[in-house]
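Asks: Chains as they are written, first to last, in this note's numbering: chain A, 1 to 570; chain W, 1 to 428.
Derived pair list, reagent style DSBU-like, types lysine-lysine, alpha-carbon separation capped at 35 Å: (1) W:K234 to A:K406; (2) A:K66 to A:K98; (3) A:K66 to A:K387; (4) A:K397 to A:K98; (5) W:K102 to W:K248; (6) A:K290 to W:K72; (7) A:K550 to A:K98; (8) A:K66 to A:K406; (9) A:K406 to W:K415; (10) A:K105 to A:K66; (11) A:K66 to W:K415; (12) W:K191 to A:K546; (13) W:K72 to W:K102; (14) A:K550 to W:K234; (15) A:K105 to A:K406; (16) W:K234 to A:K546; (17) W:K191 to A:K550; (18) W:K415 to A:K232; (19) A:K232 to W:K72.
Hints listed in this document are in silico derivations from the structure and should not be mistaken for laboratory results.
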Amino acid sequence: MMIREYPRKYDGFTSRFVVRLSVVSMVLFAFPYHAVPLCADNSSVVPQVAFIDSQMEAAWADANIKPAEQAADLEWCRRVYLDLIGRIPTVDEVLQYKNDSSHNKQSVLVGRLLGKEYTREYAKHWANVWTTILIGRDANNRMIDRDGMRKYLQAAWEINIPYDQFVEELLTATGDNATREDASLFNGATNFLSGKLADGGLQATAKTAQIFLGLQVQCTQCHNHPFNSGVKQNQFWELNAFFRQTRALRRFDGGRRVAWIELVDEDFAGQGGDPDEAEIFYELRNGLVKVAYPVFVDGTEISRSGLLPGLLEDGTTYGVNRRRELASLIRSNPLFPKAVVNRVWAYFLGYGFTTPIDDFGGHNPPTHPALLEGLAQRFTEYSYDLKSLMRWIVLSKPYSLTSRMKAESTADAPDSGEQPHFSRFYVRQMQPEQLYDSLLVATKADRSESAGRQDRWLSQFVIAFGTDEGDSSTTFNGTIPQILMLFNGDLIQSATSLDQDGFLDQIVMANRTNREKINALYVAALARWPSSSEVRYANHLLLARKGQVKEALQDVWWALLNSNEFILNH
Amino acid sequence: MDRKSYQSVPCGKRSRRNFLSHLGGLAALSTPFASFTNSLLANAEELKKQHKSAILLWMGGGPSTMDIWDLKPGQATGGPFQQISTSVDGIAISEHMPMTAKQMHHLAIVRSMSTREADHQRGRYYMHTGFVPNPNVEHPGYGSLIAHELATAVPSLEIPPFVSVGGGSVGPGFLGTSWAPFVVSPQGNVKNLESPVSEERLVSRLQMLAAIEDRFIQERRGQLPRDHREIVGKSVQLMSSSQLAAFKVSEEPASVRERYGETDFGRGCLMARRLVEVGVPFVEVNLGGWDNHSNIFGTLADQRLPNLDRAMSALIADLADRGTLDTTAVIWMGEFGRTPTINGNGGRDHWARSWSAVVGGAGFNRGVVVGETSADGREVASEPYSSQDLMTSVLKSLDISLETTFRAKNGRPMKIANGGQVIPGLFS
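Can you build the whole structure from these sequences, using the hints too?
Replies: What follows is the structure, given as structure tokens:
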């Protein structure tokens with residue numbers, strides 16, 4: 001089973017990584033604390049952070065924009081928990097950070113969140129993020145096993161798989177897409193392609209180019225790209241040819257329903273019937289039919305053979321595994337690190353260097369080309385280590401700014417269609433998984449619950465568009481159904497329940513003043529203390545409930561969990 | 001059940017009047033409730049005559065319009081379907097649309113749609129907005145736009161002005177989240193409407209919530225915190241609205257439900273009629289499954305067209321019988337048509353160059369065909385019309401000013417419907 005191979009496979013990497021980390025930690029800890037500048041300046045200790053900061057500062061100066069103030073300490077703390085491990089901090093975690101008086105406390109916290117202590121939560125969160133990227137949100141596609149996909153991703157992020165290795169595994173995966181009694185063939189990575197092979201792999205072609213190279217080729221299936229002159233129709237089909245040895249076999253468990261999918265490589269005879277010249281045909285808009293062989297987007301041709309690699313009796317080899325060739329071509333393409341850097345940047349900063357993040361080309365130039373280029377280069381040098389990339393970004397200046405604006409309007413307004421300047425933190429909706437986990441954390445609910453329950457909860461927000469491409473969207477976007485769910489739904493009812501030994505019960509029963517109890521609720525939900533007017537409102541509520549303290553605190557708690565401040569990442 | 005009776009049905013355990021009176025002093029959440037007092041004053045019958053609505057029947061996936069509205073029998077591209085005559089002399093449509101054929105005198109077919117977006121996402125965006133996707137600005141779709149233009153005429157409306165049955169709509173773009181589609185299932189179940197606590201406690205909770213929300217908004221963190229508070233207000237209003245009964249298609253007599261068809265699309269069309277009757281300015285009903293790259297004729301004849309025919313004909317007939325067709329525009333379209341060439345899998349692929357859309361009701365000419373395609377269907381053989389032109393015509397049919405100009409948040413002025421031209425044949 002593939003997942004078990006990781007430690008052996010990555011020994012080389014792990015030891016390199018350990019050496020590198022220890023260099024970083026030497027820099028971090030070798031100096032006595034008083035040698036570190038008083039204000040937490042992360043760029044003085046991590047050169048990649050210094051690179052981001054200097055690039056951004058130059059860009060702000062060019063645009064004549066003054067960056068916002070630094071975010072308040074606990075605001076930053078909440079943000080970094082949400083973004084790195086997918087949930088808000090617990091009360092204990094907030095207090096621990098608050099009481100840390102060291103000057104490099106930001107760097108220490110990021111180190112902890114990316115370290116051993118939080119490995120499982122980190123992996124679970126990023127497995128959710130990548131499940132959505134790789135297979136969308138539609139839970140009804142029988143060619144995909146979401147659970148299998150997540151199992152693979154969880155295991156991959158737990159060992160911090162290098163990104164290039166990760167993509168290779170997705171692109172070349174074979175085996176069963178779901179676990180079953182005989183687990184010997186299970187490989188959850190197959191789920192990336194298992195649902196995208198209909199119609200000769202149109203979706204596999206489009207999504208591979210889009211996700212891993214930032215190239216939108218789907219419309220070149222029928223014609224040259226309307227405005228990205230770099231993408232022609234023949235390139236779509238030449239890329240598509242790489243997937244023609246791949247088949248998703250439906251497997252049955254006795255019944256009539258598909259029980260699982262097995263992804264296999266098979267010889268491809270070509271549509272002309274000559275496996276040594278295994279071509280595919282496609283149609284131009286004027287009805288002319290043309291031929292395509294596997295040629296990568298950069299023009300690199302591989303063998304035209306449709307046969308899988310083999311050995312003749314005389315010792316000569318023949319054939320080629322087209323997916324393996326594709327994976328190595330993608331790994332060495334310059335767009336490959338840029339596409340993921342752009343994606344990760346957009347994840348943490350709210351906008352990418354291009355909008356949309358996965359549409360590179362002359363028609364859509366990046367806003368900060370040198371920064372994108374430089375980060376991609378450093379990411380490549382660091383063996384495609386995603387945790388390092390995340391660390392640089394969350395310790396950088398743009399990530400540390402407050403979301404508060406100096407005036408009602410601002411020159412930096414990407415939600416108005418202007419280019420983002422990253423001169424403040426852009427407020428955004430939590431992802432549904434972040435909200436789900438945050439509600440569980442804020443209420444100390446059992447977080448070992450199955451992913452299936454989370455999926456069922458999420459499914460109420462998913463809308464399928466009814467096309468063969470399985471497009472879907474979510475209504476978890478701040479509209480009425482989401483509000484109603486948070487007002488009245490099951491999840492909020494359990495989060496605000498007064499069950500014995502639940503979170504709220506523990507607060508209510510504690511030997512504390514009402515003021516202290518209200519403080520605790522605020523820290524748990526918002527990582528801050530209530531303002532004096534909020535305390536007045538809460539006291540009002542206590543009075544109105546006429547001594548029913550439990551119910552009053554329950555109402556305060558409900559209001560906190562329903563507030564814009566709770567639901568937004570800010 | 002008629003519209004008057006919606007007004008008098010108390011909702012669940014609490015009456016609206018009582019519930020809302022508790023919120024009187026709640027300044028922070030009061031805006032959405034201003035309309036409530038108006039609603040008590042509004043004369044329902046008066047309203048029925050004044051308000052205008054539109055229903056979009058969205059055919060997700062791109063239907064093969066040359067097998068439905070613009071047949072080419074005898075041509076290599078024509079496929080196996082035959083034409084049948086309709087209630088209008090000289091207009092023939094697919095043999096698999098017999099019931100809709102009888103309603104043709106209420107409808108107009110535009111056979112000369114010609115667009116350039118043949119990708120599902122791009123096509124859906126373009127046909128919904130009149131604009132091609134642009135990384136710098138999000139344009140509002142039909143539903144948000146028309147709701148935005150027409151909702152002020154219906155001050156008594158307590159349910160969202162843009163309802164999307166089954167989803168698939170394009171959102172509000174720069175008009176903001178408050179014009180987003182309210183997505184409901186075709187069964188009309190609106191989830192999570194009942195508060196688990198007493199009305200009195202709900203009011204306390206909302207007051208506390210308002211205090212927290214206000215503080216956060218005053219910290220100037222942009223549009224999202226403000227949007228949230230506004231939607232909270234609308235959600236509260238919805239929770240207490242008697243108009244919710246309009247979603248309950250199950251309350252219709254069995255004979256009526258049967259006429260529309262006991263399908264998701266049939267229930268969606270029936271719900272659209274009920275929603276329009278309480279004043280909802282825009283309803284979008286989604287029917288997917290048109291992306292027929294293989295075995296298209298079997299799929300159309302056995303599944304898609306019988307479903308469409310039954311529901312669409314019942315909707316048109318009902319709107320006409322009940323007097324609402326004159327104030328309700330109906331639009332039928334998908335993101336594009338399908339290739340005249342039948343591919344090796346017996347299917348048709350994406351084709352935007354020549355296809356048909358159908359409109360009816362409101363100010364449109366009825367019982368007409370506008371434009372034509374070449375004998376094999378590959379070309380438009382008359383003046384070609386775009387998404388902008390179709391949208392402009394829909395707006396005109398609803399008496400929405402075509403001079404309306406929006407200013408997107410970045411200050412760029414933007415003509416409504418991207419400055420399209422009215423399609424002359426649709427108006428007399």
